[in-house]
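Colleague: Listed below are the residues making up each chain.
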Amino acid sequence: MGKSIARKEDPRFLRGKGRYVDDVILPNMLYMAILRSPYAHARIRRIDTSAALAAPGVKLVLTGEDLAKMNLAWMPTLNGDQQMVLAVDKVLFQYQEVAAVVAETRAQAEDALQLIEVDYEPLPVVVDPFKALEPDAPILREDREKKSNHIWHWESGDREETENVFRDAPVVVKQDVRFQRVHPSPLEPCGCVADYNTATGRLTFYVTSQAPHVHRTVIAMLSGIPEHQIRVISPDIGGGFGNKVGVYPGYVVAVAASLKLGVPVKWIETRTENIASTSFARDFHMTCEIAAREDGKVLGLRVKTIADHGAFDAAANPTKFPAGLFNIVTGSYDFKAAFVEVDAVYTNKAPGGVAYRCSFRVTEAAYLIERTMDVLAQRLKIDPAELRFRNFIRKDQFPYKSPTGWVYDSGDYEKTLKLALERIGYDELRKEQAEKRARGEFMGIGISTFTEIVGGGPKNTFDILGIKMFDSAEIRVHPTGKVIARLGVRHQGQGHETTFAQIIAEELGLSADDVLIEEGDTDTAPYGLGTYASRSTPTAGAAAALCARRIREKARKIAAHLLEVGEDDVVWDGTAFSAKGLPGKSVTMKDVAFAAYTDVPDGVEPGLEATYYYDPPNLTFPHGAYIAVVDIDKGTGAVKVRRFLAVDDCGNVINPMIVEGQVHGGLTEGFAIAFMQDIPYDSNGNCLAPNWMDYLVPTALDTPHWETDRTVTPSPHHPIGAKGVGESPNVGSPAAFVNAVVDALSPLGVEHIDMPLYPWKIWKILREHGINE
Amino acid sequence: MSVHEIEVTINGKKYQEQVESRMLLSDFLREKCGLTGTHVGCEHGVCGACTIHLNGSAVRSCLIFAVQVDGQEITTVEGLTKDGELTPLQRNFIECHGLQCGFCTPGILMSTTDYLQKNPNPTLQEIKEMLSGHLCRCTGYEGIIKAIQKTIDENNHHYEAERR
Numbered sequence: 001m002g003k004s005i006a007r008k009e010d011p012r013f014l015r016g017k018g019r020y021v022d023d024v025i026l027p028n029m030l031y032m033a034i035l036r037s038p039y040a041h042a043r044i045r046r047i048d049t050s051a052a053l054a055a056p057g058v059k060l061v062l063t064g065e066d067l068a069k070m071n072l073a074w075m076p077t078l079n080g081d082q083q084m085v086l087a088v089d090k091v092l093f094q095y096q097e098v099a100a101v102v103a104e105t106r107a108q109a110e111d112a113l114q115l116i117e118v119d120y121e122p123l124p125v126v127v128d129p130f131k132a133l134e135p136d137a138p139i140l141r142e143d144r145e146k147k148s149n150h151i152w153h154w155e156s157g158d159r160e161e162t163e164n165v166f167r168d169a170p171v172v173v174k175q176d177v178r179f180q181r182v183h184p185s186p187l188e189p190c191g192c193v194a195d196y197n198t199a200t201g202r203l204t205f206y207v208t209s210q211a212p213h214v215h216r217t218v219i220a221m222l223s224g225i226p227e228h229q230i231r232v233i234s235p236d237i238g239g240g241f242g243n244k245v246g247v248y249p250g251y252v253v254a255v256a257a258s259l260k261l262g263v264p265v266k267w268i269e270t271r272t273e274n275i276a277s278t279s280f281a282r283d284f285h286m287t288c289e290i291a292a293r294e295d296g297k298v299l300g301l302r303v304k305t306i307a308d309h310g311a312f313d314a315a316a317n318p319t320k321f322p323a324g325l326f327n328i329v330t331g332s333y334d335f336k337a338a339f340v341e342v343d344a345v346y347t348n349k350a351p352g353g354v355a356y357r358c359s360f361r362v363t364e365a366a367y368l369i370e371r372t373m374d375v376l377a378q379r380l381k382i383d384p385a386e387l388r389f390r391n392f393i394r395k396d397q398f399p400y401k402s403p404t405g406w407v408y409d410s411g412d413y414e415k416t417l418k419l420a421l422e423r424i425g426y427d428e429l430r431k432e433q434a435e436k437r438a439r440g441e442f443m444g445i446g447i448s449t450f451t452e453i454v455g456g457g458p459k460n461t462f463d464i465l466g467i468k469m470f471d472s473a474e475i476r477v478h479p480t481g482k483v484i485a486r487l488g489v490r491h492q493g494q495g496h497e498t499t500f501a502q503i504i505a506e507e508l509g510l511s512a513d514d515v516l517i518e519e520g521d522t523d524t525a526p527y528g529l530g531t532y533a534s535r536s537t538p539t540a541g542a543a544a545a546l547c548a549r550r551i552r553e554k555a556r557k558i559a560a561h562l563l564e565v566g567e568d569d570v571v572w573d574g575t576a577f578s579a580k581g582l583p584g585k586s587v588t589m590k591d592v593a594f595a596a597y598t599d600v601p602d603g604v605e606p607g608l609e610a611t612y613y614y615d616p617p618n619l620t621f622p623h624g625a626y627i628a629v630v631d632i633d634k635g636t637g638a639v640k641v642r643r644f645l646a647v648d649d650c651g652n653v654i655n656p657m658i659v660e661g662q663v664h665g666g667l668t669e670g671f672a673i674a675f676m677q678d679i680p681y682d683s684n685g686n687c688l689a690p691n692w693m694d695y696l697v698p699t700a701l702d703t704p705h706w707e708t709d710r711t712v713t714p715s716p717h718h719p720i721g722a723k724g725v726g727e728s729p730n731v732g733s734p735a736a737f738v739n740a741v742v743d744a745l746s747p748l749g750v751e752h753i754d755m756p757l758y759p760w761k762i763w764k765i766l767r768e769h770g771i772n773e
Numbered sequence: 001m002s003v004h005e006i007e008v009t010i011n012g013k014k015y016q017e018q019v020e021s022r023m024l025l026s027d028f029l030r031e032k033c034g035l036t037g038t039h040v041g042c043e044h045g046v047c048g049a050c051t052i053h054l055n056g057s058a059v060r061s062c063l064i065f066a067v068q069v070d071g072q073e074i075t076t077v078e079g080l081t082k083d084g085e086l087t088p089l090q091r092n093f094i095e096c097h098g099l100q101c102g103f104c105t106p107g108i109l110m111s112t113t114d115y116l117q118k119n120p121n122p123t124l125q126e127i128k129e130m131l132s133g134h135l136c137r138c139t140g141y142e143g144i145i146k147a148i149q150k151t152i153d154e155n156n157h158h159y160e161a162e163r164r
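Chains R and A are the protein sequences, given in the same order.
Under my numbering, the first residue of the first sequence is numbered 1, with each subsequent residue one higher.
Under my numbering, the first residue of the second sequence is numbered 1, with each subsequent residue one higher.
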């Protein structure tokens, strides 16, 4: 624990010996390709597949009609809606799945797609979520009973109390903020190999899945194959970032094809398919109001949001949280009252919403409050750091109950921000900024002091399709003191094979080298809810520690037998058991392991292993203080990030090197979102950034250098005091970037600019103020 | 679709295969030769995960047809190690935490290995320019850059020691 040991997974990746889904090649395997809609909204009059079926190598062509016969034309989503697997009667977004071809090679399958004739009747398109709610808007979802594009209304907090606070408040600021539609874009796209064995009746399903056990249960419920006859294998995953949580139509079609053909069917999507049809992120149109005193003390928060969910509501949320944990939007501040409401809307776009290190909409929440706090600071002419100090939840207020009902576990916000200000040299930077302003130069400093909420979650409130959001560990100690441990989560590069070995090794007094970690095979790993929303350390990390402690308790019995003393006289010092008052007499865990198989005391079961399913009592609330320093080029509007400091507090750290890597990656995503990324749709519903030529991913040249630091405020309820951290950098950083740019332009009266902060946007603002004519 | 017989040397081993003229080199390596260390992230030449060495130079294997490499020599990530030992660059990727999910890693190793052979002492800016042909979604590039810099430093010490 706490050591930056090298990653166990690295050697195979460096040798090209990782095993990702597209690396799976099975005997007689066929390849599937999907025909997608060129229209955003259109009725399907007719599909003619006869020419495709006759094409070389083609074994099967599937349409929505074929799937309907198998009861698979629609599938349930995690947000309680249903989604078409292959289009039935109409299409609702461009790139929607319409038909599939299975052939001997991928090229043959793609060739045959061209031979499928689809007769479309274009329908009016809805891309603007506000227009979708107008009374005369075309109804997109004719399958629903409710004849409206409104999906649901959700609210949190106390409306009346908040109204009262606003009525009496001396200061109210109001800001419209859009968090644009982006996409997680893992380097490896989504894909699967479905292998149905007609002799055994078993389905083996290799899939890019962050939640393989849940996928198994969903597939069992959808396909009718008994769950014990389904083996889901999530092998090495080339990044997930929330993109690989849900079940995609391609997976279901591949399973259907393998069921029909009795041979393995592989489906690997292209980059364009990944961006244009799998889970997008964000797309929240938010209005935020803060009520405050004139000295900047905040009183009330009121937030109204229109959420664009695309054509199907497939946002990957816990069942009771259709807008995720967006009501963490009061952030790090002690508000007296808050009221948050969200209305979700259908549009002719791809489904999704919850993805890309968002921790269930915490990205939107953190961005909104951190952005609006700066608007308040600007209006009141209070330094943004000072405004934050005046409003932080104090260290002695934890556990702190927020006005929307979350109980924050621990935090020391003042300490974290103070460290950040000192390290970056805040006062000097402000002086430099004043001098630059006097010279007409645009330099900005942006602060974001966010609170995350990760580790979903307690069983009374958190479930995925009814399955409680626990997680699990199973540890087995071999006779020679070596260990195999399996967990119900599934890493996609976060280093679980190393960090979970560290946790278990620490608890058992062994070396992390002696502990093999496996995840992702539902035949062998204990049931878990998977890896997303930074939940692995809070849930499976806790399960691993407690499971190891169960083993230690049994080991104590065996140690007492070996030491020939009573169990109460056995002392564990972290590496060995010894007998109280008998120095020099001790046995290691290795000795105990051997005895567990060779010399077991009477009344003790042989072997040394345990299982633990951990239901977390609460979530963990890591926090951070991020500061960005930017310089804006007056001539071009280009923003240069001169410095960026991220101080994170995720409680006790298991492996500092890995945390650092998580932070670097997440900050790079936050940077991309703030400055480069957007998935726009034109008025015809054409997706305008369906590839990496138009949807930009920063390169090494674009990416700033990241400075990082840390404070440590352990989670009191977590067995090892650790909190999640993977998503903090993405949650916390966009506000720091935008606050810095707005701060730079504040002399012009600029209070807000929506992301992404493209140079042309800044250039236009400068030009409007006569700066760069 | 016309089919061609090609002969190509990959990681020192000769492969004789029938390929359709449209088969991409990346697919050839992965599917025909079982060398799945070469990854495909975009198929439009942007991400660089499919980078290999063609006659010693780093190239995108998703933008080359297999038939074009007839009679030529290829190295993939599987061929980087010598006698099973990781190269200094590979070891430094571990040391400096230059990888997470590992999907971009093979392509970046191939470009960097080629680049450092031709430019043994690049500046930080030059390293970033070389790396800008690769997308990584996990690391933010810091660990990768450190691993490359460390390798350069070690090489320089090595040369100095040899001169002495």
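Hints may be right or wrong, so weigh each one.
[Claimed, not checked] The list that follows gives simulated cross-link-like pairs (lysine-lysine, DSS-like), each with its CA atoms no further than 30 angstroms apart:
{"no.": "1", "chain 1": "A", "residue 1": "K13", "chain 2": "A", "residue 2": "K128"}
{"no.": "2", "chain 1": "A", "residue 1": "K146", "chain 2": "R", "residue 2": "K640"}
{"no.": "3", "chain 1": "A", "residue 1": "K32", "chain 2": "R", "residue 2": "K418"}
{"no.": "4", "chain 1": "R", "residue 1": "K3", "chain 2": "A", "residue 2": "K32"}
{"no.": "5", "chain 1": "A", "residue 1": "K14", "chain 2": "R", "residue 2": "K260"}
{"no.": "6", "chain 1": "R", "residue 1": "K8", "chain 2": "A", "residue 2": "K150"}
{"no.": "7", "chain 1": "A", "residue 1": "K146", "chain 2": "R", "residue 2": "K3"}
{"no.": "8", "chain 1": "R", "residue 1": "K557", "chain 2": "R", "residue 2": "K482"}
{"no.": "9", "chain 1": "R", "residue 1": "K634", "chain 2": "A", "residue 2": "K13"}
{"no.": "10", "chain 1": "R", "residue 1": "K764", "chain 2": "R", "residue 2": "K640"}
{"no.": "11", "chain 1": "R", "residue 1": "K304", "chain 2": "A", "residue 2": "K128"}
{"no.": "12", "chain 1": "R", "residue 1": "K459", "chain 2": "R", "residue 2": "K482"}
{"no.": "13", "chain 1": "R", "residue 1": "K590", "chain 2": "A", "residue 2": "K13"}
{"no.": "14", "chain 1": "A", "residue 1": "K146", "chain 2": "R", "residue 2": "K147"}
{"no.": "15", "chain 1": "R", "residue 1": "K590", "chain 2": "A", "residue 2": "K32"}
{"no.": "16", "chain 1": "R", "residue 1": "K482", "chain 2": "A", "residue 2": "K146"}
{"no.": "17", "chain 1": "A", "residue 1": "K128", "chain 2": "R", "residue 2": "K395"}
{"no.": "18", "chain 1": "A", "residue 1": "K146", "chain 2": "R", "residue 2": "K17"}
{"no.": "19", "chain 1": "R", "residue 1": "K468", "chain 2": "A", "residue 2": "K13"}
{"no.": "20", "chain 1": "A", "residue 1": "K150", "chain 2": "R", "residue 2": "K640"}
{"no.": "21", "chain 1": "R", "residue 1": "K59", "chain 2": "A", "residue 2": "K150"}
{"no.": "22", "chain 1": "R", "residue 1": "K640", "chain 2": "A", "residue 2": "K82"}
{"no.": "23", "chain 1": "R", "residue 1": "K174", "chain 2": "R", "residue 2": "K381"}
{"no.": "24", "chain 1": "R", "residue 1": "K17", "chain 2": "A", "residue 2": "K150"}
{"no.": "25", "chain 1": "R", "residue 1": "K468", "chain 2": "R", "residue 2": "K381"}
Simulated from the structure, these hints should not be mistaken for lab results.
Colleague: All hints, please: hold or fail.
Modeller: How the hints compare with the structure:
1. A:K13 <-> A:K128: 33 angstroms, violated
2. A:K146 <-> R:K640: 22 angstroms, holds
3. A:K32 <-> R:K418: 58 angstroms, violated
4. R:K3 <-> A:K32: 42 angstroms, violated
5. A:K14 <-> R:K260: Violated: K14 of chain A and K260 of chain R sit about 39 angstroms apart, past 30 angstroms.
6. R:K8 <-> A:K150: 21 angstroms, holds
7. A:K146 <-> R:K3: Judged against 30 angstroms, a Cα distance of about 19 angstroms means the pair holds.
8. R:K557 <-> R:K482: 19 angstroms, holds
9. R:K634 <-> A:K13: Cα-Cα ~57 angstroms, so violated.
10. R:K764 <-> R:K640: Holds. K764 of chain R to K640 of chain R sits at ~17 angstroms (cutoff 30 angstroms).
11. R:K304 <-> A:K128: 43 angstroms, violated
12. R:K459 <-> R:K482: 33 angstroms, violated
13. R:K590 <-> A:K13: 45 angstroms, violated
14. A:K146 <-> R:K147: 57 angstroms, violated
15. R:K590 <-> A:K32: Between K590 of chain R and K32 of chain A the Cα gap is close to 46 angstroms, so the pair fails against 30 angstroms, i.e. violated.
16. R:K482 <-> A:K146: Answer violated: K482 of chain R to K146 of chain A is near 34 angstroms, above 30 angstroms.
17. A:K128 <-> R:K395: 42 angstroms, violated
18. A:K146 <-> R:K17: 23 angstroms, holds
19. R:K468 <-> A:K13: Outside the cut-off at roughly 53 angstroms; violated.
20. A:K150 <-> R:K640: 27 angstroms, holds
21. R:K59 <-> A:K150: This hinted pair is violated, its Cα atoms lying about 53 angstroms apart.
22. R:K640 <-> A:K82: 42 angstroms, violated
23. R:K174 <-> R:K381: Judged against 30 angstroms, a Cα distance of about 16 angstroms means the pair holds.
24. R:K17 <-> A:K150: This hinted pair holds, its Cα atoms lying about 24 angstroms apart.
25. R:K468 <-> R:K381: 47 angstroms, violated
When held up to the earlier numbered hints, the structure conflicts with 1, 3, 4, 5, 9, 11, 12, 13, 14, 15, 16, 17, 19, 21, 22, 25 and fits the remainder.
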